[in-house]
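Asker: Listed below are the residues making up each chain.
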Amino acid sequence: MSAQTYDAIVVGSGISGGWAAKELTERGLRVLLLERGRNVEHIKDYPNALKGPWEIPHRGRVPIALREKHPVLRRDYVLNEVNYDWWAHEDQHPYIEIKPFDWFRGYHVGGRSLTWGRQSYRWSDIDFEANAREGIAVDWPIRYKDIAPWYDHVERFAGISGSLERLEQLPDGEFLPPMPLNVAEQHVADGIRKAFNDQRRMIPGRVANLSRPHNGRSGCQYRNKCSAGCPWGAYFSTQSATLPAAMATGRLTLRPHSIVTRVLYDRDRKRATGVEVLDAETRQTVEFAARVVFLCASALNSTWILMNSATDVWPDGLGSSSGELGHNVMDHHFRVGATGRIEGFDDRIVFGRRPTGFYIPRFRNVHGDRREYLRGFGYQGSASRLGWAREVAELGVGEPLKEELREPGPWTIGMTGFGEILPYHENRIRLDRTVTDAWGLPVLAMDCEIRENEQKMRQDMMNDAAEMLEAAGCRDVQTTNTGYNFGRGIHEMGTARMGRDPKTSVLNAFNQVWDAPNVFVTDGACMTSASCVNPSLTYMALTARAAAYAVEELRRGNL
Amino acid sequence: MDLTRRDALVHLATLLGATVVGPRLAAAPIGSMQAHGFSAEEIALLDEIGDTIIPDTDVPGARAVGIGEFLAMMIADCYEPAEQQRLRAGIADIAARYKQRYGGSFVGGPSADRTALLNELDREQREHHAALPPDGDPHYFRILKELTILGYFSSEIGATQALRYLEVPGRYEPDVPYTRGDRAWFN
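As you go down the protein sequences, you meet chains A and B in turn.
Numbering (the numbering used here) for the first sequence: 54 to 612.
Numbering (the numbering used here) for the second sequence: 5 to 191.
With the rest of the complex left out, here is chain B:
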């Protein structure tokens, strides 16, 4: 991702109220980096959570870009231990809630049930953030959703199939017609 200084500034400035749930400055040492510290079962669960947020359609969904491993890496590398704990507890809670409500495993469960549960969590996180004090902790599901969107759209499939991407545009046109339904360019 390119990060020229003016772009970074303007990008931040134009998020217009969207809360950026980024990693927080931490003084604590990082935890184990080995296999990002996640089990195969946890990666499979993360894959299914990611693929429920961004499912397969006419272009592949988040599982196809390896979202489980991406989420594990991001959680392990970019969040301090306390945040990692809350995220992992949240991920486990998704599986537990699903089991309690639908009686089976989230991984491999019907898409409608998985989507219903995550939509409920999404409403929860929105309510949580609407009332969040400045120093409050972000809701774990908001972080998972944002990381999934990041990992998906910045992947090769996301940038070149879900969106449009040219490594070398070669020219600049400041005013081009756009019709609803046309894919956005990855910037």
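The shape of chain A in the complex, shown without the other chains:
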């Protein structure tokens, strides 16, 4: 069999894989980018991007027939008529829920970079040191100083809009101008700052949407239709940013419909030699060879590939020698917070549809605050005037109702916490060969739950939200807790953690698999803890850092 040979193979074309492809090609490597799903071409394949609300058949509601077809996707907004094709369908791609687990995946070129929430926050040393300080799991092998230049690097390219705040727990970055708080949010922000002596702060969400033109991409048009794909390329995605950069080098080959089934491994050299691909269309098996392999298939799927690889050497898969492969699954727990009404701004409104909201950085268990749980949470939310869907019971039907609903309603505010989940060894995934997907491949079984630490944290997430809104003068403040299934945050992390010791971790400080150093895992699988901030920016930085290191190591002849 004559395998086609490249310098590097990147598995997965989402946020992490796109970055790996860009960095490796720009550093001179010939790269094969493998994507399990179909191609999605920038702009051309955004069929709903320019549609008015009247062109979406059920106007945001989901038909019963669709709900019945999608017992997993229907659990949240991911089942909708706007970007239906951008969420992996569970009938073709089943998995097993030993405990409830919401797994919302994007199996196409660009992956979830097309549909992500775009919130982009740096980690701080409070996060990187937490495991060591508290004796939880294992220590991160890196600190903030190791990743800070790479945050700079990826922010400069991606374009992150945000404000400088000088907060230890949420380092500032290389930002474009912020997308500002609206007038009512600013009022609440001022109230919170005053009531809590600046120990709690409401800031503009830091978001991968361009507040001005950047690197040849247009600025945001304030349509807030990002999830349908942006014809202006104004939010960061593989299609708008990393893929064109990689293509421009002339060294990238993109191959959709390529399901990587395993990493090929040379037991004598202790190196990967390439990957085996099942062509999703022809169902033929193809092999590709390369000097380095980057697994960026999304956290749980990168681990799936490892688990399905080198089983003749290690029965539990490539990288399993520590016993940690598949363990320490994390996510962010959320859907708990508060809502309220803001008075005094009936004569104010906004223009344009801002694609972000506000953020309240973590204030628990930092700066001397001590709670009965470890770690902390941040809040995301927004204030807006209620629209035509609001209830105006007293008006009945007819002209008075119509005229009332043509005007904006009262200002309301809502927010949910996003809390850190500890890396519990017991929270794990494993390969189950009794169930197979549409291509006859084994599936993952999820056995994860939040525990006492997170449950205690949720009390604070609810009560602190209400306390802040009340302190800022909001009316009718109500707490909300709509429950959480593992995975619902769509921030899957862990299962191939980084560490300092091959006996207790899967990857080293540069994301190399200890058992096969020319295999790098740089997506969410590598995370040693979860922080409470949205993780994608950190995957970008870790990927760029690992790619630069891989190229250096290749030049030194070490791989």
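Take the hints with a grain of salt, since some may be wrong.
With a cut-off of at most 25 Å between alpha-carbon atoms, the simulated DMTMM-like pairs for lysine to aspartate or glutamate come out as follows [stated by the list, open to error]:
no.	chain 1	residue 1	chain 2	residue 2
1	A	104	B	73
2	B	103	A	452
3	A	97	B	171
Treat the hints as calculated values from the structure; they're not laboratory data.
Start from chain A and add chain B according to the hints.
Answerer: The following block gives chain B in isolation, referenced to the frame of chain A:
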């Protein structure tokens, strides 16, 4: 309608006690989709009900956006058979009550009479919902009213004439003066 995840969350969170009468998860198979399974007479009745809830004023009302067909589609596609039955029984009941009280057909009846009857039903649904246990069935008229409001304001006429809508705002201004009477922006 755009549905980014944070928006969806916050939107839900900020409805502030307004009950969302959505379709319920169902395991039962859906019924006939043919012409949404409604007769021309039923569509005409739905058009008149919708246009009584959102009538013609300086901008066209719900009939102009094809509300009858929209309601039929939504009922057929988004509600399980038992709910569809209750909705259809409710729609028939509107016509029957009207006939009993005013002696004619709801369709084409005087606007004042139609409005009076639907206002009475609206009071009924509010009382029903004020006392509704968590697992209770929503009142059919509440569903019809909410679907009419949805279908109207998210239509092209509703979004661009009753409200204001720009496909490409092009900029964001976080603090703009608002005078009572100005139309809201469709978000």
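Asker: Hints first: check each against the structure and report whether it holds.
Answerer: Right, here's what the structure says about each hint:
no.	hint	result
1	104(A) x 73(B)	holds, 21 Å
2	103(B) x 452(A)	holds, 23 Å
3	97(A) x 171(B)	holds, 18 Å
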